[in-house]
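Q: Line order of the protein sequences matches chains A and B.
First residue of the first sequence? That's 1 in the numbering used here, and the numbers climb one at a time after it.
First residue of the second sequence? That's 1 in the numbering used here, and the numbers climb one at a time after it.
Think of the hints as simulated: they come from the structure by calculation, not from any bench.
Don't take every hint at face value.
Claimed, not checked - Here are the computed distance ranges between Cβ atoms for each label pair:
1. B:SER56 x A:SER89: 14 to 22 Å
2. A:GLN80 x B:SER56: 53 to 61 Å
3. B:GLY71 x A:GLY63: 42 to 50 Å
4. A:THR93 x B:PRO396: 53 to 61 Å
5. B:CYS274 x A:HIS62: 26 to 34 Å
Claimed, not checked - Chain A is faced by these chain B residues, among others (derived, beta-carbon under 7 Å):
6. ALA103
7. ALA163
8. ALA166
9. GLY182
10. MET184
11. ALA189
12. SER190
13. LEU197
14. SER204
15. VAL208
16. GLY211
17. ALA218
18. ASN220
19. LEU276
Where a beta carbon is used, it is the ideal one built from N, C-alpha and C, also for glycine.
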Amino acid sequence: MSPLRATLGLLLCACSGTIMSPSPSVPGELAGPGSDPSLDTPIIHLPAAVACNGASVGRSYHGFAGETLDANRLPLGGGQDLARVRDGSDLGTQFGGRSLDLANVTRSDAQAFGVAPSNWYEPAEASFATAYRVYALGFEGCLKKLKNPANYHPFGHADFASAPTTESATRQCQKMGQIMWWRDMTPEELAPCVEYAEEVRSLEPVPQRQWAYVCAAVAGSAGFLVY
Amino acid sequence: MRLSRRQIMRSALGLAGASLVPGAALAAPADKTTVVVVNLPGGLHSLYAQADSFVSKGWYGCTGSNTLDVGNGVVVDSSTFGTLGAATLSRMCNLGVWHGITAHDLAQTSLMVDPTGQSYPLQLARAMGSGAAVACANLSDTLAGRHKPIGTTNISKLADSGAVLAALGVSPSDEFTPDRAGAMAGLKASLRMSAPLLAKNQRSLESVQGGLNGVIRALNSPPVAIDWPAVAAAYGLSPGDTLLGGFATQFAAAELLVQAGTNVVLVGGGGPSCSLGWDTHSDNSGECARSGMVDIVLGPLRTFLSRTLAMPGHNVITVITGDFTRAYGSEHAGNLVASVWGPKLRGGTSGAFTPTGAYSSYVPVNGQTPGIKQMWSFLAAAAGAESNPFGENPHPFV
Chain A
1 MSPLRATLGL LLCACSGTIM SPSPSVPGEL AGPGSDPSLD TPIIHLPAAV
51 ACNGASVGRS YHGFAGETLD ANRLPLGGGQ DLARVRDGSD LGTQFGGRSL
101 DLANVTRSDA QAFGVAPSNW YEPAEASFAT AYRVYALGFE GCLKKLKNPA
151 NYHPFGHADF ASAPTTESAT RQCQKMGQIM WWRDMTPEEL APCVEYAEEV
201 RSLEPVPQRQ WAYVCAAVAG SAGFLVY
Chain B
1 MRLSRRQIMR SALGLAGASL VPGAALAAPA DKTTVVVVNL PGGLHSLYAQ
51 ADSFVSKGWY GCTGSNTLDV GNGVVVDSST FGTLGAATLS RMCNLGVWHG
101 ITAHDLAQTS LMVDPTGQSY PLQLARAMGS GAAVACANLS DTLAGRHKPI
151 GTTNISKLAD SGAVLAALGV SPSDEFTPDR AGAMAGLKAS LRMSAPLLAK
201 NQRSLESVQG GLNGVIRALN SPPVAIDWPA VAAAYGLSPG DTLLGGFATQ
251 FAAAELLVQA GTNVVLVGGG GPSCSLGWDT HSDNSGECAR SGMVDIVLGP
301 LRTFLSRTLA MPGHNVITVI TGDFTRAYGS EHAGNLVASV WGPKLRGGTS
351 GAFTPTGAYS SYVPVNGQTP GIKQMWSFLA AAAGAESNPF GENPHPFV
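Sequences are here, hints too, so could you generate the full structure?
A: Printed below as a string of structure tokens:
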């Protein structure tokens with residue numbers, strides 16, 4: 001084996017393998033390795049080093065305690081996992097200003113969804129509770145808008161005076177997407193919205209409430225919750 | 001979300017009404033088990049639970065006169081765990097956890113994530129069954145490690161009891177509240193509309209996918225009848241105190257989740273002002289560790305344990321952990337004493353550690369080294385999990 005290959009082999013060994021429990025090295029009153037079988041117990045298996053851009057060999061970094069600093073990294077495909085969950089301040093802006101003019105998105109709501117403190121950023125996370133709260137706020141805001149035809153803004157259409165049909169649901173789902181998601185729905189996103197608008201007729205007799213359910217479902221979707 | 005006085009009154013009235021309706025049963029079935037993990041980042045001093053190990057050396061101010069022998073070989077510190085009450089202490093056992101780690105970050109991560117990268121709490125929640133509307137909830141801001149969902153079992157990070165109450169159907173409703181059937185159908189539509197984005201962002205949006213699945217499960221379950229004003233009052237809170245922060249708000253929320261049948265609840269954080277977190281260096285008298293426990297944790301913990309150990313139809317197992325205990329000079333020890341309480345547990349100490357200087361020794365359990373995995377194995381056994389994903393439980397208190 002050439003010196004170069006041997007050196008590369010040593011470097012690679014240093015980048016992957018197993019961290020062993022620390023052994024006491026101070027004599028005297030210490031539990032010695034012979035009396036402590038746990039000292040031979042592996043505590044962490046290091047994953048193979050993560051490589052960039054399809055390279056065959058990556059590089060791993062260890063902390064002072066021997067932990068792998070890049071253990072959480074995963075190889076990701078191009079364009080994948082770019083979306084992030086909106087935090088409380090952003091959702092408050094979305095609800096309170098642009099979309100639904102909801103006055104009751106409170107400071108505590110914003111905190112419940114997570115607000116990044118100054119000079120630090122902890123990515124927001126959704127949960128069953130925040131998913132329900134966004135949906136419920138969406139329902140409330142939409143219904144308050146749709147109860148009075150004079151307030152159909154920002155949706156602005158007489159479709160809301162009667163129960164959804166396939167045609168009106170197609171039109172209004174797309175419009176709701178443009179308002180709350182800031183973009184057009186794709187056909188894969190539009191179809192379930194229209195299906196639900198048709199389904200909701202059997203769940204709720206009042207047209208404005210039917211539309212509020214549809215509107216809330218758009219608000220409760222990833223298109224609204226993430227950026 | 002803050003609840004107004006009027007909303008709270010209506011909630012209480014709704015609860016009273018529900019109790020009059022035949023069949024309006026609590027969502028939680030009989031003997032529903034919940035494991036509550038209380039984690040103190042920085043360290044968990046074993047003087048609280050195993051004070052006798054320090055008495056002969058006189059460390060941390062432990063003497064024969066300020067310790068309390070509660071039977072079953074458990075000797076606690078009088079001023080801290082000794083105040084939990086006889087009934088609670090009779091259901092307490094201590095597990096030695098020899099992990100050999102003296103670095104904070106690695107200890108915190110290793111307590112919660114196994115060597116293959118799988119989340120211990122999620123493995124436990126999954127092993128406990130899929131019937132719960134909420135499999136695993138994290139109420140703290142200090143959970144270490146990445147907790148990748150296992151199938152549909154994920155961790156719900158919660159920050160507000162008000163949002164939990166609303167999702168569980170406890171909050172009062174008005175004309176602007178969606179009914180549960182409509183909301184469930186609507187959120188199913190939301191999930192279908194979200195599918196293309198979720199497929200393209202499986203990791204960064206896993207909490208969105210888990211949240212939508214979780215709320216659909218919650219809405220598909222019967223509404224939970226919880227007297228939230230009474231729960232809040234028990235922890236010294238007003239019903240409007242729903243934002244999670246200190247241990248009182250976390251334990252009150254944990255009680256909600258217990259009543260909702262949650263499998264695993266994670267609580268933690270804090271730390272005394274005399275140290276950084278619970279990392280009580282140079283605390284040779286043990287006073288910093290004692291004052292932190294008394295001032296920050298003990299009151300809400302005492303309330304939670306006394307209420308949940310006596311809760312009919314529930315088997316609530318509470319464990320308190322931390323990075324490690326303290327060696328000589330209040331330095332980091334490479335091991336931990338985790339205390340566990342449960343209504344069906346026998347008291348005792350297993351895998352007790354012996355302070356021997358800068359390092360500590362331990363007592364093998366059934367010939368095994370009691371480690372982190374064995375602690376989780378004990379919790380799974382105590383929870384009566386259908387299968388134990390952590391191997392055989394060596395600790396003899398179930």
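Q: None of the hints should be skipped; say for each whether it holds.
A: Hint check:
1. B:SER56 x A:SER89: 14 to 22 Å: With Cβ atoms ~56 Å apart, the hint is violated.
2. A:GLN80 x B:SER56: 53 to 61 Å: holds (59 Å)
3. B:GLY71 x A:GLY63: 42 to 50 Å: holds (43 Å)
4. A:THR93 x B:PRO396: 53 to 61 Å: The hint (53 to 61 Å, Cβ to Cβ) holds, given that A:THR93 and B:PRO396 are roughly 57 Å apart.
5. B:CYS274 x A:HIS62: 26 to 34 Å: Because 32 Å falls inside the window, the suggested range holds.
6. ALA103: holds (3 Å)
7. ALA163: holds (4 Å)
8. ALA166: holds (6 Å)
9. GLY182: holds (5 Å)
10. MET184: With Cβ-Cβ at 10 Å, over 7 Å, it is violated.
11. ALA189: Holds, about 4 Å.
12. SER190: With Cβ-Cβ at 4 Å, under 7 Å, it holds.
13. LEU197: holds (4 Å)
14. SER204: holds (4 Å)
15. VAL208: holds (5 Å)
16. GLY211: holds (4 Å)
17. ALA218: holds (6 Å)
18. ASN220: B:ASN220 check fails; min Cβ-Cβ to chain A is 11 Å, beyond 7 Å.
19. LEU276: violated (17 Å)
Comparing the model with each numbered hint stated earlier shows that hints 1, 10, 18 and 19 do not hold.
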